[in-house]
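Asks: Assemble chain F onto chain G, guided by the hints.
Residue numbers (our numbering), protein chains in the order written: chain G, 1 to 462; chain F, 1 to 170.
Bear in mind the hints are in silico, worked out from the structure with no lab data behind them. Glycine included, every Cβ here is placed at the ideal spot set by N, Cα and C. Hints should not be assumed to be uniformly reliable.
Keeping only pairs whose Cα atoms sit at most 16 Å apart, straight-line, the calculated EDC-like set for lysine to aspartate or glutamate is [said to hold, decoys possible]:
#1 G:Lys420 x G:Glu393
#2 F:Lys30 x G:Asp447
#3 G:Lys67 x G:Glu39
#4 F:Lys33 x G:Asp447
#5 F:Lys30 x G:Glu454
#6 F:Lys33 x F:Asp53
#7 F:Lys30 x F:Asp95
#8 G:Lys418 x G:Glu393
#9 F:Lys33 x F:Glu121
#10 F:Lys30 x G:Asp267
#11 F:Lys33 x G:Glu454
#12 F:Lys88 x F:Glu121
Counterexamples of contact, computed for chain F against chain G with all Cβ distances above 10 Å [said to hold, decoys possible]:
#13 Ser18
#14 Pro35
#15 Asp53
#16 Gly68
#17 Pro78
#18 Gly81
#19 Leu82
#20 Asp113
#21 Ser118
#22 Glu121
#23 Arg127
#24 Gly128
#25 Ser132
#26 Thr166
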Amino acid sequence: MRGSNLAELRAPLSDVDGALDLVDGFDDALGHGFARLGEERAGRLTVLAGAVAGSPLGDAVADAVAKVAAGSVSEEHLSALAAARAALLGAAHDALLARCDAALGRTRESWQPSASEGPPVAPNLLAGVRAWLTEVAVTGWRGVDHELVSASAPLVEALYGEPALRRVAVLLDGLTDELRASSPVATMPRLPERRWADLWSRALLLTRAGAWGAAGATDVTGRLLVLGVDVHEHATAVRVQVHGVLEPAGGDTPRLVRTNLVAAKVDTIVGPAVWQLFGDRPVLLGALAGGHALDLVDMPLLPGGDLVWHDERASAGAPADPFATARVLLPGAVAPPVHPLDRHPVGVATPVLIEGFTAGEGGFDIDGETLTVDVESLPDCGPLTAEAVAAAEACIGLLRWDAGRWSLRPLAVRGTVKRKPVATHTGDWALGPTDPKVVKAAAKAGDAVSVLRERAGRLLRK
Amino acid sequence: MDDESAFEKHDSGWERASTARVVPPVRPRKLAKVPFVELADGRLQGVVSSGSDIARVYVSSIGAGTHGFSCSTNNNRPCGGLGSRPCKHLQSLVDEAVLQHGFARVARYLQVDAAGESGAELMAQLRGQRDSTPAATVFSRFLRHLAYLEVPVSVAPVPELDWFPTGGAR
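Pulled out of the complex, with its shape left as it was, chain G reads as follows (with noise of 0.2 Å):
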């Protein structure tokens, strides 16, 4: 990537921006309630219908706009809301990856609707998830206090029973945890409005329909090639998401693919220890902490790119050099469909070879363009550090877009220590952390995941 490609991707989305806007007016009314909206924020509504009058929505969001800015608010006319919201960020979405697969000569398959997703799981207790979601709504963030929030607990824990609703388990658990840190949110001097409003719209669209994109895997075979590990968590749960190059056996082009591993956990499992709750998936931990290649057998791919993962349909390869993948394989990739409904800016998450900068304070010169580089999220599993960002030569990272600005978070970088080059990966500790200071310090404190499991032995079982 040059600074051309960069001046390409960061030039004004004027279509973007007009969709924001309009999604701000849905996050203040969520903010203040829609209870008592007034006419400025039932305005602004109003103009939202607007947006999207001429699409299938159009119909349900003019007649919920209506009916709410009367005073009367339901789960039906909130659910078409929310749907237009979605819509308007699908739209902006849309607009940003393919500027970014322009930007970066890409080429992205197109969805293919075809799967079914299988009938809705548990009825009741979705219902009951859209209930409390809409009194949240109806009372505004600001009238959040503990009572609402404590509300979702059972709700919350009913959800983690039933595997097939683990992305609204995951979801309502990380958004109520923010709450309850946060209440009486009326104290709060501000709002983190879109976030909330984003995390609410999506829960509430996935209790109608339970979940989506696990359906029409087909098996593949052949050699995954690692780029980079992206970690995501709250306080009760880590996402370990490998994003690689898939060489299909038969010489078919290479594709672009993840693999997940969600593990439950608590607030106190942090840094290195989160590795352990996947311990047993050795094979995929291996090749990530030895750097090698890993040849798949009939491993189930979704069409969204995402690869089921069976550790033991995979087997470790030949040593394999990410940073090799990335210059050799990763222009060639063939980038994988996103879900209608997964639509969102923030799933643009794009892995990217940098190379031929100059790494300064606030990220990495490019030809004279700046590219910012999100330093506050790099893993504290992994032995990626901000020093080692500063000394880079070379990163793999994954561009993303927020707040209206591109940023690269660092996925593997690589410097001259000594003379010598060397290479830090996020996942490299994942059989265990190798720098002896952290290893020292980790027995310091403790093995947290050992000391909760004996407890959960002992108290759980009795």
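Replies: Below, chain F without anything else, positioned relative to chain G:
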């Protein structure tokens, strides 16, 4: 400036950021003595191991605002060390809460208007009376907390985690 205020120095795009940070990550601490600490339901509450009996735990809590304190076993027997002043279990609870969440966050949750660093400094600011708290409620939250460790790993995509980037603890 402590970690907490550095963390909360939101930039101007914070309100419009899908991945805005709301809750600072907790700091690692030893869990053997106080396996569970949380700021929830308007209380600092948690579970403290008994020093003498491995099968016994104490359920301790301090109310936000009122600072009313309580401590009993999980079977609702009052803590023998609790008088008109907080017991050693409550001291441990506050010490570990400060380690885990930082002084500023715990003080703000309890509505203590003071600066400091240690659990002892925070304890010195509490002016509450002995109070009764349903130990069963807090203990069931602890059991619920432990139950997360028994949820199997999922290999299906959870795109909702895109909203929760990691990092920030170091």
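Asks: Compare the structure with each hint and give your call.
Replies: Hints, one by one, checked against the model:
1. A distance of roughly 12 Å separates the Cα atoms of lysine 420 (chain G) and glutamate 393 (chain G); the hinted pair therefore holds under the 16 Å criterion.
2. Restraint check for lysine 30 (chain F) and aspartate 447 (chain G): the C-alpha separation of about 8 Å stays at or below 16 Å, so the hint holds.
3. Distance restraint check for lysine 67 (chain G) and glutamate 39 (chain G): the Cα-Cα separation of roughly 13 Å lies within the 16 Å cut-off, and the hinted pair is therefore satisfied.
4. For the proposed pair lysine 33 (chain F) and aspartate 447 (chain G), the alpha carbon gap of about 13 Å is at most 16 Å, so the pair holds.
5. Between lysine 30 (chain F) and glutamate 454 (chain G) the CA atoms are separated by roughly 14 Å; this keeps the pair inside 16 Å, and the hint holds.
6. For the hint pairing lysine 33 (chain F) with aspartate 53 (chain F), the CA-to-CA distance comes to about 12 Å; that is within 16 Å, so the pair holds.
7. The straight-line distance between the Cα atoms of lysine 30 (chain F) and aspartate 95 (chain F) is roughly 12 Å, inside the 16 Å bound, and the hint therefore holds.
8. Pair hint lysine 418 (chain G) plus glutamate 393 (chain G) holds up; C-alpha atoms about 14 Å apart against a cutoff of 16 Å.
9. A threshold of 16 Å between alpha carbons decides the hint, and for lysine 33 (chain F) with glutamate 121 (chain F) the separation of about 20 Å lies outside it, so the pair is violated.
10. Using a Cα cut-off of 16 Å, the hinted pair lysine 30 (chain F) and aspartate 267 (chain G) holds, with the two alpha carbons roughly 13 Å apart.
11. Only pairs whose Cα atoms come within 16 Å are accepted, and lysine 33 (chain F) paired with glutamate 454 (chain G) is accepted, the gap being roughly 13 Å.
12. Annotation: proposed proximity of lysine 88 (chain F) to glutamate 121 (chain F) holds, straight-line Cα distance about 15 Å (limit 16 Å).
13. For serine 18 (chain F), the condition that its CB be more than 10 Å from all CB atoms of chain G is violated, with the nearest at approximately 5 Å.
14. The claim that proline 35 (chain F) is not at the interface with chain G is violated, since a C-beta of that chain comes within 10 Å of its own (minimum 6 Å).
15. Look at aspartate 53 (chain F): its CB is around 13 Å from the nearest CB on chain G, clear of 10 Å, so calling it non-interface holds up.
16. Here glycine 68 (chain F) stays apart from chain G, with its beta-carbon at least about 15 Å from theirs, past the 10 Å limit.
17. Under the 10 Å C-beta cut-off, the non-interface status given to proline 78 (chain F) relative to chain G holds; the minimum distance is some 21 Å.
18. The Cβ of glycine 81 (chain F) lies farther than 10 Å from every Cβ of chain G, with a closest approach of about 22 Å, so its non-interface assignment holds.
19. Even its closest Cβ contact with chain G, about 23 Å, leaves leucine 82 (chain F) beyond 10 Å, as expected for a residue assigned away from the interface.
20. With a cut of 10 Å on Cβ distances, aspartate 113 (chain F) stays outside the contact zone with chain G, its closest approach being about 13 Å.
21. Here serine 118 (chain F) stays apart from chain G, with its beta-carbon at least about 19 Å from theirs, past the 10 Å limit.
22. Separation of glutamate 121 (chain F) from chain G is adequate, the least Cβ-Cβ distance of about 22 Å exceeding the 10 Å criterion.
23. Distance to chain G confirms arginine 127 (chain F) as a non-interface residue, since its nearest Cβ pair spans about 20 Å, more than 10 Å.
24. For glycine 128 (chain F), the non-interface assignment is confirmed: its Cβ lies about 18 Å from the closest Cβ of chain G, beyond the 10 Å cut-off.
25. Here serine 132 (chain F) stays apart from chain G, with its beta-carbon at least about 18 Å from theirs, past the 10 Å limit.
26. The beta carbon of threonine 166 (chain F) is not kept farther than 10 Å from every beta carbon of chain G, the shortest such distance being approximately 4 Å.
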